[in-house]
Amino acid sequence: NAGVTQTPKFRILKIGQSMTLQCAQDMNHNYMYWYRQDPGMGLKLIYYSVGAGITDKGEVPNGYNVSRSTTEDFPLRLELAAPSQTSVYFCASSYGQGYEKLFFGSGTQLSVL
Amino acid sequence: QQPVQSPQAVILREGEDAVINCSSSKALYSVHWYRQKHGEAPVFLMILLKGGEQKGHDKISASFNEKKQQSSLYLTASQLSYSGTYFCGTESGDSWGKLQFGAGTQVVVTP
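First to last, the protein sequences are chains A and B. Position 63, counted from 1, in the first sequence is what this note's numbering calls 63; the numbers after and before it change by one each time, with no gaps. When you read off a place in the second sequence, starting at 1, and then add 1000, the result is the number in this note's numbering.
If you're looking for bench data, these hints aren't it; they were derived computationally from the structure.
When the alpha-carbon atoms are kept at most 27 Å apart in a straight line, the in silico BS3-like pairs for lysine-lysine are as follows:
hint, chain 1, residue 1, chain 2, residue 2
1, A, K101, B, K1026
2, A, K57, A, K101
3, B, K1067, B, K1050
4, B, K1037, A, K101
5, B, K1098, A, K101
6, B, K1026, A, K57
7, B, K1050, A, K44
8, A, K101, B, K1059
9, B, K1068, A, K44
10, A, K101, B, K1067
11, A, K44, B, K1026
12, B, K1037, B, K1098
13, A, K101, B, K1050
14, B, K1098, A, K44
Just need the whole structure built from these sequences, with the hints factored in.
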């Protein structure tokens, strides 16, 4: 059972470049989330989805976009990368909404130079 | 508003106890606890629901004081494997289903 799979694990971008962080889960979870974690800080919610075709903004959505065309996949798109987007990105999923534990992927370490 | 965790860091010898606190200014529905080892993803430890329920897993337990909107995580007779950063995540009325995480407490257990 793979759980939540994120790719790539590491990436270096130049300012202004774009990229997509991939996230897939095989647990048939409806709820999926993208968090970013800055050094020494907690996790901040970027976007979340309650099911295929439904997404909504979290605390820090600026500079990011998401889509959810299937239950399994929840890619995060960075447009016009900026140094402020240097962070570790975690994708997570849960079976339900509320009172549900999150299953996290292994993370993507992104540097924008 | 993110929950506030204290202390920021704690160093323990094997066998010692520690308490990590998590407090919020909001009325909470639940508090979650996760542990993250260096370079790894956070891993779920436990959920505490409104009602003051206390939970435990092995020698790690937690309580939730609904009146104070505060949760405490207790590390008892610490083991080397307890080292890592502990995060609390909270759910309130305006963040239902969307956890807000504290900044974390770094725990180092030494031999």
